[in-house]
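Q: Quick note: the sequence shown, position 247, residue 259 per this note's numbering, numbers continuous.
Everything labelled a hint here was simulated from the structure, so no lab data went into it.
Just so it is clear, the structure is predicted and the values come from calculations on it, not from any experiment.
Don't be surprised by glycine CBs; every beta carbon is placed ideally from N, CA and C.
Check before you lean on any hint, since a few could be wrong.
[What the hints assert, rightly or not] Think about it this way: if two alpha-carbon atoms lie no more than 30 angstroms apart in a straight line, the pair counts; the simulated DSSO-like pairs of lysine-lysine are: (1) K400 to K234; (2) K176 to K298; (3) K400 to K176.
[Claimed, not checked] Label pairs and their computed distance ranges (CB to CB): (4) A331 to G378: 53 to 63 angstroms; (5) F235 to E330: 37 to 47 angstroms; (6) S383 to E330: 32 to 42 angstroms; (7) S323 to P250: 24 to 34 angstroms; (8) V150 to V73: 38 to 48 angstroms; (9) M24 to I208: 49 to 59 angstroms; (10) D405 to F146: 54 to 64 angstroms; (11) A248 to F192: 43 to 53 angstroms; (12) Q279 to G380: 53 to 63 angstroms; (13) P349 to Q272: 41 to 51 angstroms; (14) P155 to L245: 29 to 39 angstroms.
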Amino acid sequence: MYKRKNPLAAAMLSVVPGLGQIYNGELLKAGAFLVLNMLFAIEMYAVGFAAMTSFITLGTVPYEHNSLFLLIQGVMQLIVMLIFVLIVMLSMRDAFITAKKFNNGEAPNTSFSELFRAAKETGFPYLLTAPAVFMIIVAIIFPLLVTVFFAFVNYDFRNMPPAKLLDWVGFDNYRSIFTFASYRSTFMQVFRWNIIWTLLATTLQISLGMFLAVLCNQKFVKFKRLFGIIFLLPWAVPSFITILTFSNIFNVSFGAINTQLIPLINQLFFLNIGAIPWRTDPFWTKAALIGIQTWLAFPYVYVIVSGILQSISPEINEAATIDGVTVWQRFRRITFPHIMMIASPIFVVQYTGNFNNFAVIYLFNGGGPGSLGNMAGTSDILISWVFKMSTGDAPQHSVVAAILLIISAIVISVAIIVFWRTKALDMEGL
13 MYKRKNPLAA
23 AMLSVVPGLG
33 QIYNGELLKA
43 GAFLVLNMLF
53 AIEMYAVGFA
63 AMTSFITLGT
73 VPYEHNSLFL
83 LIQGVMQLIV
93 MLIFVLIVML
103 SMRDAFITAK
113 KFNNGEAPNT
123 SFSELFRAAK
133 ETGFPYLLTA
143 PAVFMIIVAI
153 IFPLLVTVFF
163 AFVNYDFRNM
173 PPAKLLDWVG
183 FDNYRSIFTF
193 ASYRSTFMQV
203 FRWNIIWTLL
213 ATTLQISLGM
223 FLAVLCNQKF
233 VKFKRLFGII
243 FLLPWAVPSF
253 ITILTFSNIF
263 NVSFGAINTQ
273 LIPLINQLFF
283 LNIGAIPWRT
293 DPFWTKAALI
303 GIQTWLAFPY
313 VYVIVSGILQ
323 SISPEINEAA
333 TIDGVTVWQR
343 FRRITFPHIM
353 MIASPIFVVQ
363 YTGNFNNFAV
373 IYLFNGGGPG
383 SLGNMAGTSD
393 ILISWVFKMS
403 TGDAPQHSVV
413 AAILLIISAI
423 VISVAIIVFW
433 RTKALDMEGL
């Protein structure tokens, strides 16, 4: 009869990966964990301790030590340490579960074939997702952590490595944004317009796309395919070409709207509308930007909603018509709830995407006209403003990083709240 194992003791021994597996009698698995443990120890001895020391100090000798590189190397080392912590947690969990199975009469896997079979049965999904996890670490987590730490150092045009060393300044960059009068004024004006832009532009593109999809789905409409092709034309042309074209169309002096469309309207309706300062007046620039974004994005919503409408049973609409339900009541009680039930996550992405819609703002008028101070134009949103701050003559990289983290916190928070309220991420059986 086997001697009973203590699951808690097995888990605590696995603080050093592999010892808990030795305790459970799984020597092959213990060997694998001990190899990983040894590789981490070698890495820490060779470069890890030096990288973390340099990460804390950010260098001591200008020109010889580049604080920027030291910070990036420190972030890479932090990721390696976090991966090892995950390995420790995996080892502890494995040892705990194996000990409990042993006490329930299940013999541990001691042969290579048994381990291979167990790994194939339980670890195959993890093996398939490993490349995606690696890419997420490289392309998302690593840059995100670098940005986070940039927000806590004094990295700007006055402190440019390697000529000068960076220092950890804590929350000073955030205090600058909200306490310095110039920064606070600029930030609040840009943020206010960012919210207005996001709400108006996105709501209009969703409303127009939904309206056209519902309209073209009616039985009395002829040539539906032709209308579908026409509505998709704005989507077919690359957006940057469309934006630059609209930039010329809205030109105050020679643009088609001021030189051709407005005179035509004046002649037809006996009006006396003058040239509109589309690119020289902040109000008209913002109006043009909202119109351009609506034109660019409504085809996507049109396609999505058109597909959703095909899933509504015709019998439901026929029964509603027989019961005397009006067109508006049918839309409000049947069509609209059905669209929102399916498309609400997509609409949330539309809002969060427009919150950071750099291309339209920057390509149309460079964030102008005029200036709000601190390199921000009157039509700049946060993302285009931080681009200017990081690429201008006096870059403010740390303040930019702080603003980017604020943007990310806003977008992520809104997305999580909406997804949670709409149950968009609920998965059956989980």
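Q: Each of the hints needs a verdict: does it hold here or not?
A: Hints, verified against the model:
Distance restraint check for K400 and K234: the Cα-Cα separation of roughly 49 angstroms exceeds the 30 angstroms cut-off, and the hinted pair is therefore not satisfied. With a C-alpha separation of about 41 angstroms, the suggested pairing of K176 with K298 is violated against the 30 angstroms cut-off. Proximity of K400 to K176 is assessed by CA-CA distance (about 23 angstroms); at most 30 angstroms being required, the pair is judged to hold. Under the hint 53 to 63 angstroms, the C-beta atoms of A331 and G378, about 55 angstroms apart, fit the expected range.
Separated by about 24 angstroms at the C-beta atoms, F235 and E330 break the suggested range of 37 to 47 angstroms. For the pair S383 and E330, the supplied restraint of 32 to 42 angstroms is violated, since their beta-carbon distance comes to about 59 angstroms. Under the hint 24 to 34 angstroms, the C-beta atoms of S323 and P250, about 31 angstroms apart, fit the expected range. For V150 and V73, the Cβ-Cβ distance of about 31 angstroms falls outside the hinted range of 38 to 48 angstroms, so the restraint is violated.
Checking the proposed 49 to 59 angstroms range against M24 and I208 shows it holds: the Cβ atoms sit about 56 angstroms from each other. Checked against the given bound of 54 to 64 angstroms, the beta carbons of D405 and F146, roughly 38 angstroms apart, lie outside it. For the pair A248 and F192, the supplied restraint of 43 to 53 angstroms holds, since their beta-carbon distance comes to about 46 angstroms. Range check, Q279 to G380: about 32 angstroms between beta-carbon atoms, so the 53 to 63 angstroms window is missed.
Between P349 and Q272 the beta carbon distance is about 44 angstroms. The supplied range of 41 to 51 angstroms therefore holds. In this structure the supplied range 29 to 39 angstroms holds for P155 paired with L245, their Cβ-Cβ distance being about 36 angstroms.
The structure does not agree with the numbered hints 1, 2, 5, 6, 8, 10 and 12 stated previously, though it agrees with the rest.
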